[in-house]
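Number of protein chains: 2
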Amino acid sequence: SRQEAINRVKGLFTGPPFDDAHMDAFRSYRELFEKQSERAVEATKILRSSPEFRSLHQQQRRVNMADLYASGSLGIHFVAFLPFLETQASDEQKRRWLAGARNLEYIGAYAQTELGHGSNVRALETTATFDPLTDEFVIHSPTLTSIKWWPTGMYASTHGIVFAQLYSKGTNYGYHGFMVQFRDDQGHLMPGVEVGEIGPKIDPRNTNIGYARFTHVRVPRFNLFARNQQLTREGEYIAAPPKLSKFKYIGMMTIRSGMVGGAYSMTANAVTTAVRYLCIRRQGFKDSTSENALASGEHAVLDYQLHQYRVFKALALAYAFHFSSRYANEFLARVRDGVMAGDDTAADGLPELHATLAGMKTFCTWTAHQQVEAMRKSCGGQGFLRASGVGDLAQAATEPVTAEGEHVILALQTARFLMKTVREMRRHLAPVGSVAYMREPPVRPEELGERGGALGPGALPASVRPLLLRLLGDRSRRFAEKLEAGFAAEVARGATFDQALNKVMVLAFRAAECHTIYTLARNNHDVVLQKTQEGPLRDALLRLYELISLQLVYENAGDFLGLLSDADAILARINRLLEQIRPDAVALTDGFGFTDWNLKSTLGRFDGNVYEAIYEEAKLSPLN
Amino acid sequence: SRQEAINRVKGLFTGPPFDDAHMDAFRSYRELFEKQSERAVEATKILRSSPEFRSLHQQQRRVNMADLYASGSLGIHFVAFLPFLETQASDEQKRRWLAGARNLEYIGAYAQTELGHGSNVRALETTATFDPLTDEFVIHSPTLTSIKWWPTGMYASTHGIVFAQLYSKGTNYGYHGFMVQFRDDQGHLMPGVEVGEIGPKIDPRNTNIGYARFTHVRVPRFNLFARNQQLTREGEYIAAPPKLSKFKYIGMMTIRSGMVGGAYSMTANAVTTAVRYLCIRRQGFKDSTSENALASGEHAVLDYQLHQYRVFKALALAYAFHFSSRYANEFLARVRDGVMAGDDTAADGLPELHATLAGMKTFCTWTAHQQVEAMRKSCGGQGFLRASGVGDLAQAATEPVTAEGEHVILALQTARFLMKTVREMRRHLAPVGSVAYMREPPVRPEELGERGGALGPGALPASVRPLLLRLLGDRSRRFAEKLEAGFAAEVARGATFDQALNKVMVLAFRAAECHTIYTLARNNHDVVLQKTQEGPLRDALLRLYELISLQLVYENAGDFLGLLSDADAILARINRLLEQIRPDAVALTDGFGFTDWNLKSTLGRFDGNVYEAIYEEAKLSPLN
Ligand SMILES: Cc1cc2nc3c(=O)[nH]c(=O)nc-3n(C[C@H](O)[C@H](O)[C@H](O)COP(=O)(O)OP(=O)(O)OC[C@H]3O[C@@H](n4cnc5c(N)ncnc54)[C@H](O)[C@@H]3O)c2cc1C
Ligand SMILES: Cc1cc2nc3c(=O)[nH]c(=O)nc-3n(C[C@H](O)[C@H](O)[C@H](O)COP(=O)(O)OP(=O)(O)OC[C@H]3O[C@@H](n4cnc5c(N)ncnc54)[C@H](O)[C@@H]3O)c2cc1C
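Quick note, the sequences are listed as chains A and B, same order.
Under this note's numbering, the first residue of the first sequence is numbered 1, with each subsequent residue one higher.
Under this note's numbering, the first residue of the second sequence is numbered 625, with each subsequent residue one higher.
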């Protein structure tokens, strides 16, 4: 497991400059940047000298830099720059660049976003104009808004993959990736390159995020990433085969798939801290109305129904993300490896993969942020101290919602795929793969029993659990159909594609959400049944699956108007489940495998000595 | 208006040390603390020397310290310490303390929360034991968990109102406020007082928050706040008259009422920035499917339906908070002034005031945080830079959800009041005041028209608007009744009060939410009709009221099972409203009156030169 992998190599990251991360919160912006750079340098040495670490980190991808130390932004080299190289470079380019990149002989940023454009990548303004006289591209930033803005690590990297509009002989062939060197081996900027830093972010640990402006910077023609498309010596553009045109997104898809795993680990981390703290934290008299309330003792916060509702929801979601993260990675690997091996049918899977990962990335990261913040809130005042761990986590969890595909845009991609599916179904093409469930017959109101009793406390788990899946699938199909119908009606009225989409955008976002939630629930259900034996573990995991599915139906009961006549029975079942889950809660969080070393949280300590920890941590303040 | 008041005195806060707040984000923790202290010292001088500022700040309460400069935590003296003095000190105590407090001759913290107890104030562990020999109280922290923890400003204040269990002759009379001096006039700690700092918080601007431990600290008996209860020289405890027992909460209620205003100003601030930026930000081709998409131009983000849905929701909520903030302040003033003037019937209003403010504080601050974060997200990557203003705002908006009454606890207070109301209704006592609406006849399904058409695009505003109010009121009554019935059933099964409440806690939270939302909607509707003339302004404000009410029904359609058969008509009406609101959006945010000086946001600039501003702000980074 990932935790075991971390434990095997974490010994390499002890001592200075790794051991004073708890003082980072006191540093000035510059001091923090310098400290992080020092750590990056040391980490580079470790990477070069430890084959075990290199293998776990790069071949097996079981540890991240951020798992091992308070890192700053060296990770981007491995999660964005390197995968792009691996999948988009020609064989010749790989021979030239890959070994050095893997060994950190140079460090690369992923320089796509500009001041003026993030989501609309096709409108990037940076230009790469082919100069046939010298066989070079001229990389240039023609406007203020064309400045590269946001790339992680770019302030202190030596290279970058720069995305720019490729011009040859006066024709624009759209945006492409180019290898551009920012600094020479003395660290000085290359001619025409201006690199800077963009200032403090809401996540205080982010320092090294950069901007770059290019003034007629020349790179060899060789530096156009050329696995799928090329420019000849004569300036002729040879396009990628149509089927492979989407393969240029495989790097971004890899990151998005990784972000589903990130949603898991952030949620799991926050919920571990919350469960541990709220078992220790006692607040509120057991008998508040008695004369001698003080003597009645106090409740552990985790014994309150409302906090169970919230905390176990996050717990269930963490497991759900985990199961879907595997699914996403496997789906991605199947398509990527097929395409890389030259299998043409594998390329057919690209649109579906893209739509699936777009939805997963959007709703897992969005929900993870919500849940981490909910866990932070349930810790009361203590969740405000950075020493709690959950505070910083809530900050960190916002980034993936926006970066690497802004969440609204990605949801719309999924929605477009769903509309296509519905159109095919209208033409009697049976949906397959990730949307095969849309073939299922619609749920009938009778299935829900009188007053929703089929989801009530009296119903058997064995019937409730598949019914929930059917309900979520049915909802998704209905939303997709409604979306497509609304869109088609706008088109029939004469709207263009974009106009029509804009008229149904609220619904489109929801349809993408419904589809993704169904997928998460199905993976959750199926993986538990496939990967566990009958017994208490399976029961505990199925209870979590049931809880989160019931909560999703209960909180969105309005999506089931006409099917559901009453939601009270669902709430009653939820409340009973909460009581059943309570005895397993600690074990289920322990199961994530976080140690004190991972959590770095005064509240999440395994030994429960939270008050001592809070006090001692506060004593570190240089003001004391 | 508040903005005018700010404009009148902001000139006093120019020049050093007030003019370098934009560099605060680069400072170390210690540097920031020192800078904030410097500003507090200067602000104190201004307060002492400017009668106009003192009047606007203290008599008229139209400006806050935080409105005028990047303040740190001097504000707590005025919002917590001083109101407590004003309402809980005896006349003699006022003569001794009030003038000095108003003039900032000393600075006081509000030292209630301890390491071990926040919400359960009755379980505070600090003791104040009367010593009849010396006519003194001995203030003592007997345990680690009894350390005062969290009080804002406490690290650098001279005094504090310390809450402690009052013991006399071996009897505990519950917790009371005591005036305790922390430091002498040289700034040295008084004997037995240990004060420290608790470390970095998620809001990086919070430095001066402290802890305090007392070792047998002696204060005169005089220092027990004695307006309502006293201890005699002989150690006899004279309790407050029962009716006034809740009056000791009036200080907290004042803060909570102020927090409704804070929810308004944070939401309004964030939505102003979002509207301005998203009118400038163009992203996404108008014709993305055309061969020459680039030439089609790009949409302003505010022209996308989904972003309108989110941004106008926040806009409508900001206005709703504003209208309810007045209501809360007036309600509070009526009761407080009545009680202070010795009017006994005014004291009867305390429980209702308490329940109303508890709900308002909870759901306004909770929703404000959600909305500010949503606005930050809609700015895409730029919302991550602290220079955007919205990033810090999202951080700041979390604090009021927890501080001065944790939101869950407060919601439960409101829920208890609702249960009492239902019990009285069952006994045929007509509900009055804030719950009078519960007398209204239930909504009948027919009122909603076929397929929810009565809320659809074809219905007349004049019928939709009151219907929405009826629906929200009906929902609140139903939830309150359901809650009371569930609670009563548990009691009938033998549960104690606390056990029964814990069995229905999820529902209780929602019932409090429904009641508060109804109240917000009603105030919104009524104030617009009462305070505006017929005309475009009234129309624009009523559209916002209608929008947010429709959104609340649409997003919670599951609360109307059995009444509503279809929510599609509601969404269609919402989408049409969004188009109608769009032309007013800029004017409606300008109406809040924020200037660039207030917003301190690269994105919210009135002149729209956002890219220049972002770039220039980044250049300030000491790394550049
Ligand atoms: C911490 C962090 C690290 C990053 N690291 C990198 C990096 O390493 N390399 C890199 O290249 N970039 C990086 N980015 C940039 C990131 O990829 C962009 O922020 C992201 O793609 C969104 O683009 P944007 O910021 O320009 O927002 P915009 O695209 O301008 O979005 C603003 C708003 O417009 C809306 N919007 C835009 N288009 C549409 C549409 N067609 N329909 C409806 N709504 C629309 C969005 O939903 C959003 O609400 C990073 C960003 C952050 C915050
Ligand atoms: C920035 C900031 C500034 C502050 N300033 C001050 C100040 O100036 N002076 C001061 O005295 N204090 C101050 N506080 C403390 C603040 O008032 C407390 O944090 C707040 O009252 C909550 O108490 P707690 O932190 O002990 O949380 P707890 O009460 O321990 O709450 C933890 C969790 O338990 C739950 N819980 C507790 N009791 C119950 C119950 N009966 N039923 C169900 N759930 C329950 C809560 O919902 C919460 O989820 C400040 C706090 C912050 C964050």
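Hints in this document: simulated from the structure, not taken from any laboratory.
Hints should not be assumed to be uniformly reliable.
[Stated by the list, open to error] Pairs of lysine-lysine, BS3-like flavour, derived with a Cα cap of 25 Å:
1) B:K793 - B:K669
2) A:K286 - B:K718
3) A:K600 - A:K531
4) A:K35 - B:K718
5) B:K718 - A:K246
6) B:K718 - B:K669
7) B:K634 - B:K659
8) A:K531 - A:K503
9) B:K669 - B:K659
10) A:K420 - B:K659
11) A:K35 - B:K1243
12) A:K286 - A:K420
13) A:K94 - A:K243
14) B:K634 - B:K1224
15) A:K286 - B:K1243
16) B:K1106 - B:K1127
17) B:K659 - A:K286
18) A:K420 - A:K246
19) A:K248 - A:K286
20) A:K248 - A:K482
21) A:K45 - A:K169
22) A:K94 - A:K286
23) A:K619 - B:K659
24) B:K1044 - A:K286
25) B:K870 - B:K718
26) A:K503 - A:K482
27) B:K910 - A:K503
28) B:K1106 - A:K482
29) B:K659 - B:K1224
Results of checking the hints against the structure:
{"no.": "1", "hint": "B:K793 - B:K669", "result": "violated (45 Å)"}
{"no.": "2", "hint": "A:K286 - B:K718", "result": "violated (39 Å)"}
{"no.": "3", "hint": "A:K600 - A:K531", "result": "violated (31 Å)"}
{"no.": "4", "hint": "A:K35 - B:K718", "result": "violated (53 Å)"}
{"no.": "5", "hint": "B:K718 - A:K246", "result": "violated (75 Å)"}
{"no.": "6", "hint": "B:K718 - B:K669", "result": "holds (23 Å)"}
{"no.": "7", "hint": "B:K634 - B:K659", "result": "holds (19 Å)"}
{"no.": "8", "hint": "A:K531 - A:K503", "result": "violated (44 Å)"}
{"no.": "9", "hint": "B:K669 - B:K659", "result": "holds (16 Å)"}
{"no.": "10", "hint": "A:K420 - B:K659", "result": "violated (59 Å)"}
{"no.": "11", "hint": "A:K35 - B:K1243", "result": "holds (21 Å)"}
{"no.": "12", "hint": "A:K286 - A:K420", "result": "violated (57 Å)"}
{"no.": "13", "hint": "A:K94 - A:K243", "result": "holds (23 Å)"}
{"no.": "14", "hint": "B:K634 - B:K1224", "result": "holds (14 Å)"}
{"no.": "15", "hint": "A:K286 - B:K1243", "result": "violated (57 Å)"}
{"no.": "16", "hint": "B:K1106 - B:K1127", "result": "holds (13 Å)"}
{"no.": "17", "hint": "B:K659 - A:K286", "result": "violated (46 Å)"}
{"no.": "18", "hint": "A:K420 - A:K246", "result": "holds (17 Å)"}
{"no.": "19", "hint": "A:K248 - A:K286", "result": "violated (60 Å)"}
{"no.": "20", "hint": "A:K248 - A:K482", "result": "violated (32 Å)"}
{"no.": "21", "hint": "A:K45 - A:K169", "result": "violated (45 Å)"}
{"no.": "22", "hint": "A:K94 - A:K286", "result": "violated (67 Å)"}
{"no.": "23", "hint": "A:K619 - B:K659", "result": "holds (21 Å)"}
{"no.": "24", "hint": "B:K1044 - A:K286", "result": "holds (21 Å)"}
{"no.": "25", "hint": "B:K870 - B:K718", "result": "holds (21 Å)"}
{"no.": "26", "hint": "A:K503 - A:K482", "result": "holds (13 Å)"}
{"no.": "27", "hint": "B:K910 - A:K503", "result": "holds (13 Å)"}
{"no.": "28", "hint": "B:K1106 - A:K482", "result": "violated (34 Å)"}
{"no.": "29", "hint": "B:K659 - B:K1224", "result": "holds (19 Å)"}
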